[in-house]
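Engineer: Following the hints, position chain B against chain A.
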Amino acid sequence: MTSSIRVGFIPLIDAAIPIAARECGFAEREGLQIELVRETSWANIRDKLIHGLFDASHMLAPLAVATSLGIGNAKVPLSVPFGLNANGNCITLAARLYRALEEVLGHAPRDPRQSAQALKRVIDRRKANGDPPITFGVVFPFSVHAIIVRHWLRLGGIDPHNDVQFQVVPPPFMVARLSEGEIEGCCVGEPWNSRAVESGVGSIVVFGSEISRCAPDKVLALRNETVVENPESIHRLLRTYQLAARWCQDSSNHANLANMLAQPEYLNVAPKTVLNALSGSLAVNRTEARSASDFLVFQGDGINWPDPRKARWLYAEIASGLRRPLDEGQAQAAAAVFRPDVFDAATGNNALPEAQDPIGLHFGPAFDASDLKAYVDALARG
Amino acid sequence: MMDQPSILIIDENHARAAIIQDGLREAGHANVRWLSETGNLLKQIAKIDPDVIVIDLESPNRDVLEQMFQVSRLVKRPVAMFVDQSDSASIREAMMAGVSAYVVDGLRKDRVKHILDMCVQRFDVFSRLTEELHEAKTALADRKVIERAKGILMEAKSLNEQEAYVLMRKTAMDQKRRLIEVARAIVLAESMLK
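So the protein lines, in turn, are chains A and B. If you're matching positions, the first sequence starts at 156 in our numbering and goes up one per residue. If you're matching positions, the second sequence starts at 218 in our numbering and goes up one per residue.
Bound conformation, chain A alone:
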C-alpha cells in the first residue's frame, strides 16, 4: 500500500535530502509517495505545518524548538525525528567593511579569530566617531545563522547584544540589502554568499564549519500527532531520508545531485552554483578561493540522529540570544522535541552517539548538555 506525505521545503541546497528522497526513487521503494511543496518563508513553513497543510517540513532546527516552547509567534509542540544537515552557511561582509578589516590587519583576514578581532577594532573606532552600529542580516530570529554570528563576534571580544544589531533578511534579498547598506554583514546559506562575491558586493570571511563541526542546521519537523497517528508512514519516511542522506553525502553523486537541485521546480539556479557548495569550494573574494571538506554535511558525525542534547543546546542558545533566564522545564521540553526513539524504531538503530560533544564548537565555552547554566554564563562573559 502506498501512503502519501506532503512535505514543505524552502529552495535551499540543504533541502537535498527530501528532494533526493523523491527524485531518486528511494520513497517509491519504501511504498511512499512524497509530494514536495516549495515555500517562500520559514513563517509559511511553520504555519502550514502546524495547521495541517503539510504533514512534514524542512525546518530551521532552532525554529522547531522555539515553536514547541512557544517562543515567538506560535506554540505547538513538534517532533524532530531526523537531522538534515550540519553547516553550509557563511558569514559575508559588505565590501567596504571587508576593506576596513584588511586595513586594520594589513592583509586579508585568514581565520575567524583574526577577522573577529579586526572587526572589534573597526567597531571601537566607529563607536568613538559616533557612527551607527553595524547591522547583520540573518535569515530568521531563531536560526543557526544568528547563533554562528554571535559565536564569531564573541571570538573578537564583541558583545553581540550591545555592539551590533541584527535584522532578519530573507535570503533572496540579502545581496541587495548588503549593496544598499541596510546591512553590512550577513550569515546565509549558498548560493547567496557566492552571489555577493561574484557581484563584488561582499566577501566571505567565515565558513560556518569553522565555528562548529556538527551544529544542527535544518531538520525534519512533524506535528506530534502525526507521529502518533501515522507511525508506519513516518517510519517509511525516515528510512527513505536515511537512504537519501547516504546518497547525498557520497561525493560521486554530487554532479547528479547538483543537476537535480538546480531544476526550475526546486532551486532554479545554475548546477555549477550548487556543485560549488556541495564540494565546499568557494571563491571568498575577488582573488581567493577557499575549500572545506565539511562545508556542508548530510550524513555522518551523528548528524541524522536527533540527539536530545542538540535540542538542549538550541534552547540554551535561544535563551541566551533573547537574554532570558534558563528554565529547566523548558530545557526538558526542548529535549523532548528531538525524537531518537522514532528514528531508532524506524531504522533499527540501537547505537548511541559516539561523539562526546554533540555540537563540536571550535571556539568558546565547552558545551555540556547536563549543565546549560555553566554554558550560558560562559557565553555571557564573552
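Honestly, the hints are just simulated from the structure, not real lab data. One or more hints might be untrue.
What the hints assert, rightly or not - No farther apart than 30 Å at their CA atoms in a straight line, the calculated lysine-lysine pairs in the BS3-like style are these:
#, chain 1, residue 1, chain 2, residue 2
1, A, Lys230, B, Lys260
2, B, Lys264, A, Lys282
3, B, Lys330, A, Lys275
4, B, Lys330, A, Lys230
5, B, Lys260, A, Lys282
6, B, Lys264, B, Lys354
Claimed, not checked - Far from chain A, some chain B residues (derived; all Cβ distances over 12 Å):
#, residue
7, His231
8, His246
9, Ala247
10, Glu275
11, Ile308
12, Arg309
13, Met312
14, Arg328
15, His331
16, Lys367
17, Asp391
18, Ala402
19, Ala406
20, Met409
Cβ coordinates follow ideal geometry from the N, Cα and C atoms, glycine included.
Structural biologist: Using the frame of chain A, we list chain B on its own:
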C-alpha cells in the same frame, strides 16, 4: 473616525494590492495604506504604526515580520498573529487564499475578523481573475496552433479548411487524444521536416 483601525497592506503585486484596498474601503475602512517597497521594512512599519498588517504569503518578507515578536525597540506595540492560534479554521482558510495578517493586541476580535474575511475574499477574487486570464491566454494560444496545423494540412493534402479540420478531429478521436495535441504534433512534425 477615531476608532478606525489603520490597516497596512504589504504586497509587491500592485494589481492585487489595489483590489484589496478597494475592498477594504468599500467595507468602510478608510484608513488603509499600502507598501510595495520592502527595504527597511520594520522601520517603515514603525513609522506607519498600523493596527493590522496584511501580507501575502508569496512574500519572503513574512520572516522579517517575525522579528516584531522579539524586537520591541523598533515596533512600539506588541503584535500577535491573527487570529488566536486556536482558531485553526480561519488561519487555514486565510493561508489557502494566500494571505496572513498580524494584529496589534487589544483590537477587538470581531473587527479584525471582518477585515481578514474581506482580505481573504479579495485574494480569492484576484486568484480567480489570474486564473481566468491564464485560461484565456492558453485558449488563444491553442487556437493559433490549431489554425496553423489546419493550414499545414490544407497545403500538404490539398484540402479545404473544413476537410482539414474534420481530419484533425477524426484523428484525435481515433487516437483518444485532444485536438490541441494532434495540432501540436502536426506543427512539430512540419518544423522537423522543413
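Engineer: Work down the list of hints and note, for each, if the structure agrees.
Structural biologist: Hints versus structure:
1. Between Lys230(A) and Lys260(B) the alpha-carbon distance is near 27 Å, which keeps this suggested pair within the 30 Å criterion.
2. A C-alpha spacing of about 26 Å is found between Lys264(B) and Lys282(A), which places the hinted pair at or below 30 Å, so the restraint holds.
3. Restraint check for Lys330(B) and Lys275(A): not satisfied, since their Cα atoms lie roughly 49 Å apart, outside the 30 Å limit.
4. Restraint check for Lys330(B) and Lys230(A): the C-alpha separation of about 21 Å stays at or below 30 Å, so the hint holds.
5. Of the pairs offered as hints, the one joining Lys260(B) and Lys282(A) holds, with about 22 Å between alpha carbons and a cut-off of 30 Å not exceeded.
6. As the CA atoms of Lys264(B) and Lys354(B) are separated by approximately 42 Å, the hinted pair breaks the 30 Å bound.
7. The Cβ of His231(B) lies farther than 12 Å from every Cβ of chain A, with a closest approach of about 18 Å, so its non-interface assignment holds.
8. At the 12 Å boundary, the C-beta of His246(B) stays outside the reach of chain A, the nearest C-beta of that chain being 25 Å off.
9. For Ala247(B), the condition that its CB be more than 12 Å from all CB atoms of chain A holds, with the nearest at approximately 29 Å.
10. Remark: the non-interface label on Glu275(B) conflicts with the geometry, its nearest Cβ contact in chain A lying 6 Å away (cut-off 12 Å).
11. At roughly 5 Å, the least C-beta separation between Ile308(B) and chain A is not larger than 12 Å, which violates its mark as non-interface.
12. At roughly 5 Å from the closest C-beta of chain A, the C-beta of Arg309(B) falls inside 12 Å, breaking its exclusion from the interface.
13. With a least CB separation of 6 Å from chain A, Met312(B) falls inside the 12 Å interface cut-off, contrary to its annotation.
14. Against the 12 Å criterion, Arg328(B) stays outside the reach of chain A, whose nearest CB is about 21 Å from its own CB.
15. No beta-carbon of chain A comes within 12 Å of the beta-carbon of His331(B); the shortest separation is about 21 Å.
16. Residue-level check passed: Lys367(B) sits 33 Å from the nearest beta carbon of chain A, beyond 12 Å.
17. Residue-level check passed: Asp391(B) sits 34 Å from the nearest beta carbon of chain A, beyond 12 Å.
18. Taking the minimum C-beta to C-beta distance to chain A, about 25 Å, the non-interface status of Ala402(B) holds against the 12 Å cut.
19. The beta carbon of Ala406(B) sits about 27 Å from the closest Cβ of chain A, which is more than 12 Å, so the claim that it is off the interface holds.
20. A cut-off of 12 Å between C-beta atoms confirms that Met409(B) is not in contact with chain A; the least separation is 25 Å.
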